[in-house]
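With the numbering used here, letter number 38 in the sequence shown gets 19, and the count goes up by one each step, no holes.
Bear in mind the hints are in silico, worked out from the structure with no lab data behind them.
Beta carbons: idealized from backbone N, C-alpha and C, even for Gly.
Since no wrong hints were added, every one of them can be taken at face value.
No farther apart than 25 Å at their CA atoms in a straight line, the calculated lysine-lysine pairs in the BS3-like style are these:
(1) 20 with 124
(2) 124 with 26
(3) 26 with 68
(4) 68 with 124
(5) 68 with 20
Derived DEER-like restraints, expressed as beta-carbon distance ranges:
(6) 107 with 71: 25 to 33 Å
(7) 98 with 13: 23 to 31 Å
(8) 55 with -14: 20 to 28 Å
(9) 20 with 127: 17 to 25 Å
(10) 42 with 102: 21 to 29 Å
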Amino acid sequence: MATPDFIRTIRATAGHQLLLLPGVSAVVFDEDGRVLLGKRADTGKWSVIGGIPEPGEEPARTAVREVYEETAVHCVAERVVLTEALKPVEYPNGDHCQYLDITFRCRATGGEPRVNDDESLEVAWFALDALPPLAEFARFRIKQSLTDGPTWFRAAASDDLG
-18 MATPDFIRTI
-8 RATAGHQLLL
2 LPGVSAVVFD
12 EDGRVLLGKR
22 ADTGKWSVIG
32 GIPEPGEEPA
42 RTAVREVYEE
52 TAVHCVAERV
62 VLTEALKPVE
72 YPNGDHCQYL
82 DITFRCRATG
92 GEPRVNDDES
102 LEVAWFALDA
112 LPPLAEFARF
122 RIKQSLTDGP
132 TWFRAAASDD
142 LG
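Take the sequences, apply the hints, and build the full model.
See the structure below:
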């Protein structure tokens, strides 16, 4: 994932310290019920599409933008599937980040999938019974996108607060 300019600006003064950043994931389905996945250039693994909102950008708009930028597929965000604070990560350059992910279920409205930027090695539609190997992160988001239940979040008890 390319580092947005606004994060580069923050890093110039913050150094490598932990930054809590917003993140958006998009689980996109076509009219045949297939899911759109991208093989990430940074890891070489298949996953759902995602990215970081620009300052002032609505998260649903981020999902739609990221899907188009990475795959050339047009979509609409239909609903929030889940919210989750992910575990902190350390990048090879020493930067520390923790993402607060908002996942959207999206419906494709046009376009043919293709690698549309340098963040993906491949992009393709997959039938749900023929998914490539996926990390639990992507599998859970796809599973939650298939339910009509309420938005998933990790519940916290009041005694968790001290």
